[in-house]
Amino acid sequence: MASVSELYDVGWEEMRDKLRKWREDNCRNSEQIVDVGEELISEHGSKLGDDIWIIYEQVMIAALDCSRDDLALTCLQELRKQFPDSHRVKRLSGMRLEALERYDEANKHYDAILQDDPTNTAARKRKISILKAQGKSAEAIRELNEYLEQFVGDQEAWHELSELYINEHDYGKAAFCLEELMMTNPHNHLYCEQYAEVKYTQGGLENLELSRKYFAQALRLNNRNMRALFGLYMSASHIAASPKVGAKVKKDNMKYAAWAATQINRAYKVSQAWMGHSALTLPCTPASQTSFSQLDKLILQAQESR
Amino acid sequence: MFLLYMNLLEGVASAVYSRKKAYCKMLLHAAKYPHCAVNGLLVAEKVKEKKKDSHSAPILCVDCVPLFHGTLALAPMLEVALTLIDTWCKENRYVIAGYYQANERTKDFRPNQVAEKVAARISENFSEAAIVMVDNSRLTMSCFEPIVLIYDHHENKWKSRDVNTDCFEDWLEAQKITSALLEGRSYENLIDFDNHLDDLRNDWTNPVINKSVLDLC
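The listed protein sequences derive, respectively, from chains S and R.
Numbered by full-length UniProt numbering, the letters in the first sequence go through residues 1 to 306 in order.
Numbered by full-length UniProt numbering, the letters in the second sequence go through residues 1 to 217 in order.
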């Protein structure tokens with residue numbers, strides 16, 4: 001089988017830079033990381049300098065994902081030789097045991113780290129991951145809540161907790177987690193959009209209106225977020241169709257929905273050349289004089305209600 | 001492609017198609033996101049008349065549309081997908097006939113609340129809708145045996161039925177093609193609705209994979 005460098009005509013520096021980009025973006029493209037990393041380590045290891053250690057760690061975790069225990073063990077042994085007393089490496093040993101489903105031994109590893117260093121967040125999070133892997137969602141949620149009481153700023157943990165709550169259909173608590181994330185990351189359109197989705201799923205007129213406002217806010221932060229655009233259309237349409245709203249609210253929401261539909265159709269037309277079949281049109285009221293200023297009104301409402 | 005055997009008195013005549021896309025794309029979807037739950041819709045050919053007194057005939061699932069990976073339990077994008085795919089089905093004389101899901105954890109193959117809700121929604125339009133669950137623990141490159149569980153709605157509950165190679169129009173072909181696509185890492189090119197929402201140019205009808213399947217026939 002051709003090597004990565006042959007297949008893609010890249011040199012070792014490009015491979016190293018690609019691995020760094022994947023590290024920084026926290027991508028989980030494990031098969032690619034294993035392909036590139038394994039070749040980089042075996043053919044060009046000596047050129048990497050101190051970078052090699054972080055690459056060993058990255059490749060080891062990817063190897064666990066791909067059931068490549070041989071490669072994972074090789075990387076782990078190199079790291080153990082270089083950093084014999086490291087908690088970071090001990091955590092990697094624990095992860096390997098998790099991959100082999102030897103959860104009790106893995107837990108012992110993490111408990112040993114925590115005895116030495118009770119503030120070690122990585123070990124605590126791995127223990128919670130074990131609960132999740134074992135299907136013990138309620139316990140995982142409880143432990144994660146306790147963790148967050150101590151480490152209130154851990155965004156990764158808040159996001160994980162929101163996902164656990166969503167999977168348990170506890171949308172109210174999921175929304176709370178996302179609110180924490182939005183407070184600390186006001187410019188992140190993804191949190192806004194996900195919060196809107198949770199509110200929409202919760203249902204009820206009030207939540208629908210809130211969801212529409214946050215879809216609008218997400219769009220304002222990133223006008224190419226298609227989920228936000230679709231979400232705006234869906235929530236506005238549902239509100240307009242609700243028997244509980246007055247005539248003015250109905251009319252306003254129909255305008256928002258019509259605006260969103262126009263934008264969606266426009267976005268599809270732009271990508272039409274690539275799609276192969278005709279641009280899909282959404283059922284909507286005829287596009288009125290709704291302008292972008294309507295979107296600004298929605299955002300003002302969102303800001304006022306916070 | 002599946003044959004869903006119905007125990008109903010109301011029979012539905014079906015045309016038999018030999019496209020082998022549904023099973024492949026389902027497994028490719030699961031293989032592309034091994035660390036996530038994935039789900040999707042199964043489509044069948046739409047039938048013109050319902051003959052009330054004919055005995056039950058098999059319904060053939062001819063294609064599948066991969067939907068989401070990761071968090072499956074949120075409503076808005078699911079509704080968007082159902083609407084758009086329904087429109088596409090009408091244009092192509094298909095009907096949404098079933099729902100598949102592969103859970104996040106390897107050993108978990110039971111349909112959960114999401115599966116039941118979506119299937120209930122599909123049942124509004126197609127009374128014999130089925131839930132197909134992928135048994136992750138048996139997913140291998142060689143695909144020697146079918147690794148799905150099929151659930152039908154009886155008396156307000158979803159009950160699984162026996163699955164064997166007779167549930168497939170041509171199991172050997174399906175097995176050969178799926179295995180070849182998995183080995184060739186074709187799942188890297190599989191597009192689901194999430195990918196489509198990330199970039200509208202990504203085509204959830206998967207023409208590239210469909211062509212690969214045809215080429216292997």
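The reader is advised that the hints may include incorrect statements.
[Stated by the list, open to error] Incomplete in silico selection of chain R near chain S, CB under 7 Å: (1) T71; (2) L74; (3) V80; (4) R105; (5) K176; (6) A180; (7) G184; (8) L197; (9) L200.
Just so you know, the hints here were simulated from the structure itself, not pulled from any lab data.
Beta carbons: idealized from backbone N, C-alpha and C, even for Gly.
Quick rundown of the hints versus the structure:
no.	hint	result
1	T71	holds, 6 Å
2	L74	holds, 5 Å
3	V80	holds, 5 Å
4	R105	holds, 6 Å
5	K176	violated, 22 Å
6	A180	violated, 16 Å
7	G184	violated, 12 Å
8	L197	holds, 5 Å
9	L200	holds, 4 Å
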